[in-house]
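2 protein chains.
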Amino acid sequence: MKEALKLGVAGLGTVGRGVFKIISDQAADIRERTGREVTISAVCARDRSADRGIDVSGVEWFDDAAALATSDTVDIYVELIGGEEGIARASVEAALNAGKHVVTANKALLAVHGNELAALAEENGVALNFEAAVAGGIPIVKAVRESIMGNRIKHVFGIMNGTCNYILTTMEREGRSFEDVLSDAQDLGYAEADPTFDVGGFDTAHKLALLTSLAFGTQVSFKDIYIEGIEKVTAQDLASASDLGFKIKLLGVALDTGHGIEQRVHPTMVPADSPIADVHGVFNAVALRGDQVGDVMLEGRGAGEGPTATAVVADVLDIARGFIMPPFGRPTSSLVPYKRAGMRAHEGGYYIAMDVHDRPGAVAAIAQRMAEQQISLESIIQKPLMAGGREESVEKPDTMPVVLITHDTLEQSVKAALGQIEEDGHIARTPRMIRIEKL
Amino acid sequence: MKEALKLGVAGLGTVGRGVFKIISDQAADIRERTGREVTISAVCARDRSADRGIDVSGVEWFDDAAALATSDTVDIYVELIGGEEGIARASVEAALNAGKHVVTANKALLAVHGNELAALAEENGVALNFEAAVAGGIPIVKAVRESIMGNRIKHVFGIMNGTCNYILTTMEREGRSFEDVLSDAQDLGYAEADPTFDVGGFDTAHKLALLTSLAFGTQVSFKDIYIEGIEKVTAQDLASASDLGFKIKLLGVALDTGHGIEQRVHPTMVPADSPIADVHGVFNAVALRGDQVGDVMLEGRGAGEGPTATAVVADVLDIARGFIMPPFGRPTSSLVPYKRAGMRAHEGGYYIAMDVHDRPGAVAAIAQRMAEQQISLESIIQKPLMAGGREESVEKPDTMPVVLITHDTLEQSVKAALGQIEEDGHIARTPRMIRIEKL
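Protein chains in written order, with my numbering: chain H, 1 to 439; chain D, 1 to 439.
Just so you know, not all the hints are guaranteed correct.
What the hints assert, rightly or not - Below, computed lysine to aspartate or glutamate pairings styled on EDC-like, alpha-carbon distance capped at 20 Å:
| id | chain 1 | residue 1 | chain 2 | residue 2 |
| --- | --- | --- | --- | --- |
| 1 | D | K438 | H | D278 |
| 2 | D | K6 | D | D64 |
| 3 | H | K438 | D | D278 |
| 4 | H | K154 | D | D47 |
| 5 | D | K154 | H | D278 |
| 6 | D | K154 | H | E305 |
| 7 | D | K2 | H | E122 |
| 8 | H | K21 | D | D291 |
| 9 | H | K154 | D | D64 |
| 10 | H | K154 | D | D25 |
| 11 | D | K154 | D | D64 |
| 12 | H | K2 | D | D278 |
| 13 | D | K154 | H | D25 |
| 14 | D | K232 | D | D184 |
| 15 | D | K438 | D | D358 |
| 16 | H | K2 | D | E123 |
| 17 | H | K223 | H | E179 |
If you're looking for bench data, these hints aren't it; they were derived computationally from the structure.
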């Protein structure tokens, strides 16, 4: 049998604890599968005395993650600290420079510094694996990097933030407002005290940046992602969507437009009978279309101790078996610069919800503005149908809710029309616009 | 760059053609990903002159697959002939004995001879990869073999035959009989002239046998699978299921009962709001539950040129990268003998549909027989609700349809009760029984 493979784990929060448990409990199975002993030789965490329900007595303790990362007693550095800068970045760089393999769950770090870190891993002939960074327990990194081969990928999209999906699912089911459900989610531990990172779409965008590179062979380019969160979605929008045969999901979408890759994160109306529409609660799902394989979707838990630890362990075992490949599936030098396809050119249908002042000619004037931008309307609903109990008081005494569904059109046309409609003074507040995707 | 990797492809039907196209069209991408040239050096097919829409002019032609499999010009033998015996088996054995890697889409061969062939591959230090054998373009073999690590798997189940799923989906949507929809499916090319292999559940069972070994580390044991096809499912059953909040799917299920692994293929009632219930038409899906990762489901196309060829190419590229592992994820010598958990002990709810003679006391007598076997009933429906146009003439003038839904009970109790009910003479023909799963 080969020499034992020694892990140094930095960060003993939820995921670190999960990794610790699996590596101890499943030692025999892991040895059988890989032909090697895999052990945790060193750990690093903030508080040495905290009770984590795991026995770290035989394990070397480091106070400094960078020292752990470069220690002679470590073959693989498992970075579970998080954050795009600071000690997480420094320790990963140190590990790669020291010729250590790295396994990380840190999407922010890779979304921002992925190109440089991947190049550094290759220079040093080591792995930089990150299955746990995208959609937790769903093996989507491996699927795109190793399974969907020989395909030109047309698009990849997904529900990659359980907090957002829980909030949207609950708002729809119970007809409650965003603020109300968010507050519950915070009490239940599904949302952070500062929820911006999740509900603002940033976490989804980090994951999307990595998926885009894997799927399209482009350099990671987080800064080019259009990001819109779920904060403005109302229970009325969800009810109207439902009446029209749609669900609203926060999607990360990367799509080959033929003249660049469009990357965007925003609330999206998807047909109620599409597989992604049925992904409820904290579950995640990632779907892609290849020119050969057609549509493939993977669904599962995107976060939590067991799912994320499972992904970390899978990455470790690939290394134990000697399966090392470039982080994004091809040499970093051959990743092509990301060429942004502008959102303004995005073509599709739109859902537009407005509070219109209740006076003669207002709706006609609005329809006229849309027509001037060559936007044709699939439907105008002046009194959106709403299931009992779902109504939300967005109406002011003198306004009525109007919902427009457009046929496929350009985003710039919609923005232009809405700008004029606001200027005309027929509506009480900024309209809400949700893109419709029939991917 | 390493030496070119040369494929010998036996069988140039739909899948072979697809593999040929991908290997030619995506040569540059494949070289970039693996650092190696991958080429098709030799082929073998029945008819040398057939027009397949691919250019085989530069490729060596063999009339004998076994000669191709052992040729010096071949590094990987790609077996796309099919069938559990004959030349498929002989050529795969010859290839492995000659130290050639094998990639195959042949589920029958592996379901029946998988243990011996896996051992042979290991003895010779070569790969025996079979992603294409289970659910076509869905990367479930890789997911179970490499991604769901460190988990005790509780169950794995799936819709793994597109023909059956197409038939059941269409029967439900259109309220038509099995025979009627099957005939259409044959005209559309979704079903074979002799459909027994698909609709009888045997194809699903072949795939299940492989999944079971991957998931539970047991020796392949196709012969121990309980198999029941979809031939007896009626449009009335589908309508009744729908009214009760269920869908009927042909599932292959492997489940750790704690005292052995239960393997079975049969029509199954699944809750309408479960992810597997939403898998429509020719799509396949495989779901599993791990003690760490929770529920994971993969959905996609289970057959056809592009999806199956994608899986074959992925297997080839793993070999090109030098990623070789035992066929079932662990050394064949450590696979434990399959210990059958008897179906008679299966515990769950049951749907039972009967044509009861319309005379006083018949239903009471039936209910009494169930009670004698300690079976408690969740509902008795004497006139199943059916949507307009869905009724099928299963009623005889003097009988009425009665549907029973039981609470969890043992299969042997249900069988005993139904035997007695038939003997009592209250029903016009053998009752239809469908197992309910809430996995």
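Now for the hints, and whether the structure bears them out:
1. Distance check on the hinted pair: D:K438 and H:D278 sit about 17 Å apart at the alpha-carbon level, within 20 Å; holds.
2. Among the hinted pairs, D:K6 with D:D64 is consistent with the structure: their alpha-carbon atoms are about 18 Å apart, no more than 20 Å.
3. A C-alpha spacing of about 17 Å is found between H:K438 and D:D278, which places the hinted pair at or below 20 Å, so the restraint holds.
4. Between H:K154 and D:D47 the alpha-carbon distance is near 35 Å, which puts this suggested pair outside the 20 Å criterion.
5. Distance check on the hinted pair: D:K154 and H:D278 sit about 23 Å apart at the alpha-carbon level, beyond 20 Å; violated.
6. Restraint check for D:K154 and H:E305: the C-alpha separation of about 18 Å stays at or below 20 Å, so the hint holds.
7. Between the alpha carbons of D:K2 and H:E122 the distance comes to roughly 17 Å, so the proposed pair stays at or under 20 Å and holds.
8. Distance hint between H:K21 and D:D291 is fulfilled; the C-alpha atoms sit about 12 Å from each other, no more than 20 Å.
9. Using a Cα cut-off of 20 Å, the hinted pair H:K154 and D:D64 is violated, with the two alpha carbons roughly 39 Å apart.
10. The hinted pair formed by H:K154 and D:D25 meets the criterion: a straight-line CA distance of about 16 Å does not exceed 20 Å.
11. At roughly 44 Å between alpha-carbon atoms, D:K154 and D:D64 are farther apart than 20 Å, so this suggested pair is violated.
12. Of the supplied pair hints, the one linking H:K2 and D:D278 is violated, its CA atoms being roughly 46 Å apart against a limit of 20 Å.
13. Proposed proximity of D:K154 and H:D25 is supported: the alpha carbons are some 16 Å apart, at most 20 Å.
14. At most 20 Å may separate the alpha-carbon atoms for a hinted pair to count; D:K232 and D:D184 meet this at roughly 17 Å.
15. Between D:K438 and D:D358, the direct Cα distance comes to roughly 33 Å. Violation of the 20 Å bound is thereby established for this hinted pair.
16. Note on H:K2 and D:E123: the hinted pairing holds, with a Cα-Cα distance of about 19 Å set against a maximum of 20 Å.
17. For the hint pairing H:K223 with H:E179, the CA-to-CA distance comes to about 28 Å; that exceeds 20 Å, so the pair is violated.
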